[in-house]
Amino acid sequence: MSTPSPAPSSSASFPTAVVVPTRAARSTTRLWWLTLVTVVGAIALVAMSLKSHGPTIKIRFAEGHGLKAGDVLRFRGIAVGEVTEVVLTPDLGRVAVKVQLEPKATHVARRGSQFWIERPRVSLSRVSGLETVVGAKFLGVIPGPSDGPAATEFDGIESPPTLNEPESIEITIRFREGHGLQVGDPLRHRGIVVGEVTSVDLNHELSAVAVRVRLVGEAHHLAREGTQFWVERPRVSVMEVRGLDTLVGGRYLAVSPGHDDAKPRDEFEGLDVAPVVDVPAGALEIVLHAPQRWGVDRGVPVTYRGLRVGQVLSVGLSSDGTSLEARAFVESRYRSLVRQNSVFWSTSGVDVSVGFSGFQLTADTLASIAQGGVAFATPAEPGPAANTGQRFLYAKSPQEEWLTWQPRIAATDAALSNDAQLPIPQRAVARWEERSFGFRRTRERAGWLLLLSNGNLLGPADVLLPTENALGPILLEIAGQELVLVADRVQRFGSLATFHPDDFKADGLTAWKTASIRHDASDPEDCLAVTDSQSPPIPIAASSLQARSSDWDVRSATGLSAAHHGAAVISVKDGRLIGQLLFDRGKASIATIRE
Amino acid sequence: MKLQACHCCGLIHDVPEVSSGQSAACTRCQTVFGDELRGRQTAGRTAALAVAAFVLYWPAVLLPIVEVERLGHRHASSLLIGTLDLFRHGSWFVGIVVLVFSIVFPVTKLVLLLELSLLKLLHRRHKAWAYRLTEQLGRWSMMDVLLLAFLVMLVKLGSLVEFHFGPAVIAFVACVVLSMSASLCFDPHAIWDEEVSA
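Residue numbers (the working numbering), protein chains in the order written: chain A, 1 to 595; chain B, 596 to 793.
Chain A extracted, bound-state conformation:
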């Protein structure tokens, strides 16, 4: 711009404006492009905020629980939508909630999706929704099956499903009595939650309760014929105390599954009381019949020499009403005790007899005083083994001679074929003194030895031949006797050894027949490790064994410990002795017997 200078004025009073160069003015402005840009920008802004909205869905609830517009819908803890409207349905019967979904979450709205209002819930069985105590309520959702078609109208559920598994099936169980069962209570199998109650309704006649249960995951296998359901609740009796966890922990449904190959089913009749027990695998089921009940009841024990070996499963009248029938089982370990000529009698109550000899009181277990029981005995010459379903007459009281019967019946295991016996190893400890660092120290080594019919004791080499530098004799304590381990009477082969004692009194001990020893076991097979007769044999599967020369390493030594060192190992296949279990420094192996 040039410096303005005062111009000579034509009329004295007004100065003449200076002329300065400027850009040429145009009749229109170029600023309209800005307008255009703004219009485009505004359209984009509106489009963007409209696009951030997904479809709107409608959910009906029985209760609003204070839900209001602006609350969010959460899926796996993430907000996926927003409540836009909460209104009552025209008939005032329900609350309709409209939810605007985010575009990324349109898939949660498909058939089968479940919606609930999350709110603080503190019950004995669970605490949930605590964040909603001070914060806003929110809606939770579990989407339906992934192949379900999209839907826009839903019926909400009252409480969140505890098990957030999309794969589930529903079954109906009818009970005579609800026992305070509530929606959300769990269904447990072996203590684990496998499902939950989704609704509890009375039927039209008000005579039964229909409980709908959602089974999740693998539990859908429970929905088959023969499966029994009952409401677990506290029960205290002389026989048993059970369900105490439900005193403070809330009710739950318990289940006892039917047979593996039963047909699927989705309607069940619930039991009023828990079935006594699951019949354990391999147990012998028998039928007792008597003209009178004589104190026998469901759940009472079946005893042999006062030892509980089984239980009565059910008691009822025979089909023609002429006698009483009781179904009972005897555990697999003891099934060999029941023979076809066994006798059964009632042990209920206390038998008080006052005679010239004085006052005599006879009673069995405390439980049998209150509830009775069933005892049995087998004659000195045992008959053939009883089979499942065998019927026995059951007497009111035992005859004198029954109590004197002393049959020798080897305990066996269900895994073994019938009549196969179990060896009875003897606990033995080898003691010796040796010098270490200049001190005399007493050392010992314990294990199980098996008496063979040729008078030899078979056992781990480290028990029978513990050391060569003992100071003095090595003493072996076994079966209440003390033997001196003489080195030239001990024969070692591999990790095992035999000892032929000359002064061992084997009276009353069961010797294992040498004929029942198999020497050619080479490939690992299913076997049982047997220690004493009080503890059940430990099954060892062939799959957990690994052959290493004449020994088989046990891959997973679970359940085995140093207390099993020297346990007799018999083959499940033929019941013969094939070796002994060795346990050394946390590792278990089976030493097989060679020639």
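Be careful, since some hints might not be right.
What the hints assert, rightly or not - Residues on chain A that point at chain B, a partial pick, calculated with CB under 8 Å:
1. V19
2. T22
3. T38
4. L45
5. S49
6. G70
Unchecked claim - From the derived model, a few chain A residues whose C-beta atoms are all more than 10 Å from chain B:
7. P257
8. D260
9. Q399
10. E400
11. Q406
12. K573
Quick caveat, the hints were computed from the structure, so don't treat them as lab data. Predicted model, so just to flag it, every value in this text is computed and none were measured. Note that the Cβ used here is the ideal one computed from N, Cα and C, for glycine as well.
With chain A's structure known, arrange chain B on it following the hints.
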């Protein structure tokens, strides 16, 4: 001879004829005198800016402007809905302030600017009145922004509160800037130019 007052310092000049690419300027304050063509150009500029501001006005008012989240309670509201909410909750004073300064004044100003620069429907006497109104309204145009600033400050005080701006804020700010530019661009001489030339 054409006498014209400088609209900055008021000194009356004898304005000579100027050719294209030149303009007359005040001897005292160097303010360039508007002429008819220049007047039309500023009117066009004002019109462009006013139209742009007018377009942005609607998303600014209707889209969500603030999102407040307090303990999980989320609330997003647009300027219009927010104002209506204020009335619904009985905050009449604040409601009226927001309604007048944020909604009514801006749109009135924009409409008047559009009329003056583009539509030219009114009689000249009403034009003068409209122009004065525009000037008066313009003084209050920052009021709503101030209010928003206060609101943010108050809301931020609560540590449990989260506060987000919505998409309307962009539109709102742009709208305010554009409408301010539009009123700055406007040369009131243009209102009467056509009569002078007629």
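Does the claim that E400(A) lies outside the interface with chain B hold up, using a Cβ gap greater than 10 Å? It holds; E400(A) is separated from chain B by about 81 Å at its closest Cβ, greater than 10 Å.
Would you say P257(A) is clear of chain B, with no C-beta pair closer than or equal to 10 Å? holds (43 Å)
Are all C-beta atoms of chain B more than 10 Å from that of D260(A)? holds (48 Å)
Chain B contact restraint on T22(A) - CB to CB distance below 8 Å: holds (4 Å)
Assertion that Q399(A) lies farther than 10 Å from chain B (Cβ): Nearest chain B Cβ is 79 Å from Q399(A), so the label holds.
S49(A) as an interface hint toward chain B, with CB separation required under 8 Å: holds (5 Å)
May I ask you to test the interface hint for G70(A) with respect to chain B, counting a Cβ-Cβ separation under 8 Å as satisfied? G70(A) check passes; min Cβ-Cβ to chain B is 5 Å, inside 8 Å.
When the nearest CB of chain B is found for T38(A), is that gap smaller than 8 Å? holds (4 Å)
Restraint satisfaction for V19(A) [CB to CB of chain B, less than 8 Å]: holds (5 Å)
May I ask you to check that Q406(A) keeps its beta-carbon over 10 Å from the closest beta-carbon of chain B? Nearest chain B Cβ is 77 Å from Q406(A), so the label holds.
Beyond 10 Å from every chain B Cβ: check whether that's true for K573(A). Since the minimum Cβ distance to chain B is about 66 Å, K573(A) lies beyond 10 Å and the statement holds.
Holds or violated: the hint that L45(A) contacts chain B, with Cβ atoms closer than 8 Å. holds (5 Å)
No hint from the list above goes unmet by this structure.
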